[in-house]
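Q: Sequence:
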Amino acid sequence: MEVASSAPSLSLLSKFPVDRAEKYLDTVVSSLCTGQRGPSFQQCSQVWSLTEFWHSNDAWRAFLLDPDERLLDVLPATHQAVVRKVTENRQEDIVRQRLHKTDNIGARILTDLDWRVKLVLGSDTVANLGVPLANLSLCMDDEVVDVEMSITEVERLISSLEAAHKALTQFSV
Numbered sequence: 045m046e047v048a049s050s051a052p053s054l055s056l057l058s059k060f061p062v063d064r065a066e067k068y069l070d071t072v073v074s075s076l077c078t079g080q081r082g083p084s085f086q087q088c089s090q091v092w093s094l095t096e097f098w099h100s101n102d103a104w105r106a107f108l109l110d111p112d113e114r115l116l117d118v119l120p121a122t123h124q125a126v127v128r129k130v131t132e133n134r135q136e137d138i139v140r141q142r143l144h145k146t147d148n149i150g151a152r153i154l155t156d157l158d159w160r161v162k163l164v165l166g167s168d169t170v171a172n173l174g175v176p177l178a179n180l181s182l183c184m185d186d187e188v189v190d191v192e193m194s195i196t197e198v199e200r201l202i203s204s205l206e207a208a209h210k211a212l213t214q215f216s217v
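In this text, residue positions in the sequence shown follow the working numbering: the first is 45, and each later residue adds one.
These aren't lab readings, by the way, just hints derived from the structure by calculation. Quick caveat, the model's predicted, so the values are computed rather than measured. All C-beta atoms, glycine included, are put in the ideal place defined by N, C-alpha and C. Possibly wrong hints are sitting among the right ones.
Unchecked claim - Estimated spans, in silico, between C-beta atoms of each pair:
(1) Q135 <-> D102: 16 to 26 Å
(2) L212 <-> D110: 21 to 31 Å
(3) K67 <-> W159: 49 to 59 Å
(4) S74 <-> P52: 17 to 27 Å
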């Protein structure tokens, strides 16, 4: 987060009285962490324009996920105290959201799988040998990946998965 670009949007909070600023920030944290509806423009329309409202919401959401104490220097001491109070009170929710956001950056997640064994009946050399093949359908978050494997490839996959499971259980303990 750049100090120069976020500071003006964060400083908009100082237009609110302290008690309303606390309620506003708590609502921003709730919308960020629990998916609840965020602050409404109607509650802020007497203080901010619609553009200021959007910029403030975006800036505070970004600040809560990646706090930089230097950014609070643009606020009066009373509002800085409110920000610290809200972030301390909701620290557990904010940390959980940061972890969730970090987890979503990682690799795709396998949601389901389906496998079938078939005997190839085409005219190629594998069909002449009568070697069974395995079809593995891996359902990811947003797509399905189909893989056709021979028996040796299936055995290697199983041994790799067993090794990964063993490493994971050792890591967990």
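Q: Could you run down the list of hints and mark each one as holding or not?
A: Hint by hint, here is what the structure shows:
1. Checked against the given bound of 16 to 26 Å, the beta carbons of Q135 and D102, roughly 21 Å apart, stay inside it.
2. Between L212 and D110 the Cβ separation comes to about 29 Å, which falls inside the hinted range of 21 to 31 Å.
3. The hinted window of 49 to 59 Å between K67 and W159 holds, with their beta carbons roughly 54 Å apart.
4. Between S74 and P52 the Cβ separation comes to about 24 Å, which falls inside the hinted range of 17 to 27 Å.
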